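Here are the chains, one letter per residue:
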Amino acid sequence: MKDFPYSESKDTRSGFGAGLAELGRNNPNVVALCADLTGSLKMDAFKKEFPERFYQVGIAEANMIGLAAGMTIGGKIPYTGTFANFSTGRVYDQIRQSVAYSGKNVKICASHAGLTLGEDGATHQILEDLGMMKMLPHMTVINPCDYNQTKAATIAIASYEGPVYLRFGRPVVPNFTPADQKFEIGKALMLNEGTDVSIFATGHLVWKAILAGHILAEKGISAEIINIHTIKPLDEAAILASVAKTGCVVSAEEHNRLGGLGDSIAQVLVKNKPLPQEYVAVNDSFGESGTPDELMEKYGLNEQSIVAAAERAISRK
Amino acid sequence: MENPYNKSIDELKQVAAQVRRDIVRMVHAVNSGHPGGSLGCTDYFVSLYFKVMNYSTDFTIEGKGEDLFFLSNGHISPVWYSTLARAGFFDPKELATFRKLNSRLQGHPATEEGLPGIRIASGSLGQGLSVATGAAQAKKLNNDDSLVYVLMGDGELEEGQIWEAAIYAPHHKIDNLIATVDRNHQQIDGSTDEVGGLGDLHAKFEAFGWHVLETEGNNFKQLLATLDEAKAATGKGKPVMILMHTEMGFGVDFMMGSHKWHGVAPNDEQLEKALQQLAVNEAADY
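Heads up: the sequence lines are chains A and B, in that order. Position 93 of the first sequence, counted from 1, bears residue number 93 in the working numbering, the numbering being contiguous throughout. Position 185 of the second sequence, counted from 1, bears residue number 185 in the working numbering, the numbering being contiguous throughout.
Check each hint, because a few of them may be wrong.
Just a sample of chain A residues kept apart from chain B, beta carbon distances all over 10 Å, derived [what the hints assert, rightly or not]:
| # | residue |
| --- | --- |
| 1 | 18 |
| 2 | 58 |
| 3 | 65 |
| 4 | 72 |
| 5 | 93 |
| 6 | 96 |
| 7 | 103 |
| 8 | 139 |
| 9 | 176 |
| 10 | 187 |
| 11 | 221 |
| 12 | 234 |
| 13 | 241 |
| 14 | 258 |
| 15 | 294 |
Listed next, the in silico DSS-like pairs over lysine-lysine satisfying Cα-Cα at most 30 Å (straight line) [what the hints assert, rightly or not]:
| # | chain 1 | residue 1 | chain 2 | residue 2 |
| --- | --- | --- | --- | --- |
| 16 | A | 48 | B | 140 |
| 17 | A | 48 | B | 238 |
| 18 | A | 47 | B | 173 |
| 19 | A | 298 | A | 10 |
| 20 | B | 236 | A | 48 |
| 21 | B | 100 | B | 273 |
| 22 | B | 13 | B | 140 |
| 23 | B | 273 | A | 134 |
| 24 | B | 236 | A | 47 |
| 25 | A | 47 | B | 238 |
| 26 | B | 260 | B | 236 |
| 27 | A | 48 | B | 64 |
| 28 | A | 47 | A | 10 |
| 29 | A | 47 | B | 64 |
| 30 | A | 273 | A | 245 |
Treat the hints as calculated values from the structure; they're not laboratory data. Bear in mind that the values here come from a model prediction, so they are computed numbers and not experimental data. A virtual CB, placed ideally from N, CA and C, is assigned to each residue, including glycine.
Based on the provided sequences and hints, a complete structural model is requested.
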């Protein structure tokens, strides 16, 4: 099992903020809209450097999505920023009609996704957003794993013409992705080659998968770990190549087990090569208040859960 | 850039009669669609495309340097499709495909099939004012001094998003935007007073910071004068809102004054009767 050294831990939302500011310097068409959460989304740097391209929308997310769609008509590349809950469920119809169906080049950037939002509780901890967004035709869905990858993804999506849902979060996690790593939409990243089980993880669960890989190695189990930062379009070739070697799968995500990454992978397996798959995901429930670590443990989203899932998957081969 | 037609009022009346013929024929042909609001807003559409707006029929989504139009109440697509076809965006013969399989003329306007003249999908109500405001802000960023027009239904004002945009646009001084409400007092379940209680819209929009105008929408002289006044009011720090009083079903006597023709197509006999009332050169029918 490979080591993934890192010098510091950082929040993915700060990667977004840094990427957005850098984009502002290099691409005059990039504009940013925020619904009264500038500090939480780390959009302050962009706002300070480019006040004429920053739009404070207030607590009016539906209007924000419509404004962004309209701005694309003038050739702008709008990045909208608010919490994942208010970026998706609250404005699903606006995204569906004005952005996805209309093929508009809007980048919907969503922080505080999932349980790791923590103490605010279930009203804010959306666990259904990946499902809602991946079901929309034309929509690209990205969930990077750490600060560097979020920054790289934020920059990369500006060069892609079309609607994108970019999901990130609040907790501080090890920043192990190389700062100079190119972000390719739809290209899964091999982290550790293995032969006994394929662990496909996204977002904050990628680091948990690495921790699980070390525990599995101590038990003599060789885990292949792949970072699926793009849930749609899904890198089917990478998935099929991996399972051809390992013969079983664990999917890991900070999301409801219904409709997320796991289901996308299951569909690939069913169509191509049916194999045992175990889900590490929230078991069709809402979250609750608590610290991020407490919640990830209670809802079965930590490294121990991944280890147990891997052992179950292997036993089903 | 100029309006490609710049027609006189007499000529506008001729075009409007043709568009109304198209509307009733289109909805009759597929026994579905929304003739009431389409007929009521015909004079507005014809005024914009044949006199008021500066645009090119060589269509681009971006519309750089052109006045842009957005339809928020997308269900009145027949009047927009007919107007676009008569203005030269596509062959009027294509109107015969309205609401049929594999058509570019979807039940509600869409960009997916690439119909020239349409810049965004609409149909689910309440979204157009936000979109138009965003497009107007992009024009400002681009130093493009052309204008953005948007039409909404009055029943549509019951949607909350409209009021989010109504707060936003004056606050951000979007003064290159001319919004219009089709104030026909009708919606599917009855009158807007019974159903929605919209109240004094003039006072409401004024209180939100809009420059508010009112006009008859089925009187070219008044309508054109108001649209001129609206243009003159742009560039002064406030968005412009026109409350346009129309008669749903205008031009066909038995369709007028009732919400019953909001979304119902005429039968064969009713179509004949309607066409008799919309006298214009029949040879120009699609």
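We went through each hint and held it up to the structure:
1. 18: Its Cβ never comes within 10 Å of chain B, the nearest being 23 Å, so this holds.
2. 58: violated, 7 Å
3. 65: About 7 Å separates residue 65 of chain A from the closest Cβ of chain B, which leaves it inside 10 Å; violated.
4. 72: Check fails; 8 Å does not lie beyond 10 Å.
5. 93: The assertion about residue 93 of chain A is violated, with a minimum of 5 Å to chain B.
6. 96: violated, 8 Å
7. 103: violated, 6 Å
8. 139: Check passes; 14 Å lies beyond 10 Å.
9. 176: At about 38 Å from chain B, residue 176 of chain A clears the 10 Å cut-off, so the statement holds.
10. 187: holds, 27 Å
11. 221: holds, 48 Å
12. 234: Non-interface label on residue 234 of chain A holds, nearest chain B Cβ at 23 Å vs cutoff 10 Å.
13. 241: The claim stands: residue 241 of chain A keeps its Cβ more than 10 Å from every Cβ of chain B (closest is about 34 Å).
14. 258: Holds, since 25 Å exceeds 10 Å.
15. 294: holds, 36 Å
16. A:48 - B:140: holds, 20 Å
17. A:48 - B:238: Cα-Cα ~26 Å, so holds.
18. A:47 - B:173: Holds, at about 19 Å.
19. A:298 - A:10: holds, 23 Å
20. B:236 - A:48: holds, 27 Å
21. B:100 - B:273: holds, 25 Å
22. B:13 - B:140: violated, 34 Å
23. B:273 - A:134: At roughly 50 Å apart (the allowed maximum being 30 Å), residue 134 of chain A and residue 273 of chain B break the hint.
24. B:236 - A:47: Cα-Cα ~26 Å, so holds.
25. A:47 - B:238: holds, 24 Å
26. B:260 - B:236: violated, 41 Å
27. A:48 - B:64: Given pair residue 48 of chain A, residue 64 of chain B holds - Cα atoms ~29 Å apart, limit 30 Å.
28. A:47 - A:10: Measuring from Cα to Cα gives roughly 21 Å; hence the hint holds.
29. A:47 - B:64: holds, 26 Å
30. A:273 - A:245: holds, 12 Å
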